[in-house]
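Here the working numbering is used: the first residue of the sequence shown is 597, the next is one more, and so on.
Just so you know, the hints here were simulated from the structure itself, not pulled from any lab data.
Don't be surprised by glycine CBs; every beta carbon is placed ideally from N, CA and C.
Certain hints may be false.
[Said to hold, decoys possible] Ranges between beta-carbon positions, derived for each pair:
1. P777 <-> A635: 36 to 44 Å
2. K712 <-> L775: 35 to 43 Å
3. H925 <-> F946: 40 to 48 Å
4. K846 <-> A656: 17 to 25 Å
5. G975 <-> H925: 20 to 28 Å
6. V757 <-> T619: 47 to 55 Å
7. D764 <-> S812: 32 to 40 Å
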Amino acid sequence: MDSVQELKNKLFFQKENGCLTRTEQELADADSFCNDYKAFLDAGKTERECVTEAVRLAEAKGYVPYDPSVKLNPGDKVYLNNRGKSLVVCRIGSDPLDKGAMIMAAHIDSPRLDIKQVPLYEDKELAMLKTHYYGGIKKYQWTAIPLALHGVIIRRDMSVVTVAIGEDEFDPVFCVTDLLPHLAAEQMKRPAGEIIKGEELNILIGSRPFRTDEKSDRVKLNIANILFEKYGITEADFLSAELEIVPAFKARDIGFDRSMIGSYGQDDRVCSFPALRALLDHEDVPATTQVVLLADKEEIGSCGATGMKGAFLRYFFDNIGAPYGIAGHTILSASKCLSADVGAAVDPTFADAHEKLNAAYLNYGPVIMKFTGSRGKGGSNDASAEFMAEVRKTLDDANIVWQTSELGRVDLGGGGTVAAYIAELDVDTIDIGVPVLSMHAPFEITSKLDVYETYRAFGAFIK
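When you get a sec, could you build the whole thing from the sequences and use the hints?
Below, the structure written as structure tokens:
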């Protein structure tokens, strides 16, 4: 008879810390891969910049813009840039399209502060910009940190001004001010969600008045004059602008052992980059068509023409199938998808937010979430046991370090991903992603090993 310990080893499910099971070379490979990932984070602070960087990487691997009038053949490599804010990257396989595609879907938008359409004002002889926060944030986290301004301004003559101020070490930065503790007794009586209110997230952008005899709005006038002289824009041009306020700091290694990455925007660029690289690094013509989808608007419900609820993915499959007489829905119904979004890692300071048997930990690899949603799985794609088993086998056969989790304790809250909207297209879909500490904060933390194992997982899936 087996010993008790042997019986436990055979019958019990046990998670393992990947740092103890990977070789030194594999850990070094993870560190090297994450150097490229950090460069991607620094290059893509907004969804537009992520698309631009992803296109650059794809074109370097021979991918070309998709032309719907051209019939695609096995081995063809194309991308579809949707309005500069979402992207489909595709490699056509040798199997007929009605055999489906292997889809990896992630989102490239992140919580931030958006500049309002009429933002510029002066108060107490300081120039400010009004903002509207985007996505789920703890508003107080955005005060008293250096902020950068990114985006585009479309002038009345339809010319485009691209803005990125605050990233170069010689650039100015901006900030949301906060009240000093000595005078904040009344402020600190507010509920935590209102310590800083939405209308108090105002960006400080200047203090010097324009040299004129006029007494009012001289600081605003000076800023307006600077903007006109440097960018050729007037106050009315804010009406047709998409300007985003993001943290001004760069991606950095975390810890004495440099085992983690700290950066803004890792939700969900920490899944977007490994998915894209897994596709681009696969050199051979695949049997099954491979697709990476980088979507916008996930943080506000995946709405709009560039969000996952939009029709651009369905139309893409319609178009690539049409020359073969294959309906897009036929391709989708035979497809499989990894919906790549982050999971919540256990923070030892706030461990009671999780149920320990079904929680995600740093260094235990990508987390598979059979379902997300809120409380009673509301708003979730609940993947089938059959597809869960298929993914499980794929990862185990490839010797991937991976884990499962739920998004916190059942009654505590929860969250959603793009998985539900892809599954509604009749695609077998399951959530996979990198566990994150301080999710949705201006500075999020991930494990380098988890990022690399997620890349390896995507590679195993599409092969």
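Hints, one by one, checked against the model:
1. For the hinted restraint 36 to 44 Å between P777 and A635, the CB-CB distance of approximately 38 Å keeps it satisfied.
2. Separated by about 22 Å at the C-beta atoms, K712 and L775 break the suggested range of 35 to 43 Å.
3. Here the CB-CB span from H925 to F946 is close to 44 Å, well matched to the stated 40 to 48 Å.
4. A beta carbon spacing of about 23 Å between K846 and A656 agrees with the range 17 to 25 Å that was offered as a hint.
5. The given range of 20 to 28 Å is respected by G975 and H925, whose C-beta atoms sit roughly 23 Å from each other.
6. The hinted range of 47 to 55 Å is satisfied by V757 and T619, whose Cβ atoms lie roughly 50 Å apart.
7. Roughly 34 Å separates the CB atoms of D764 and S812, a value that falls within the hinted 32 to 40 Å.
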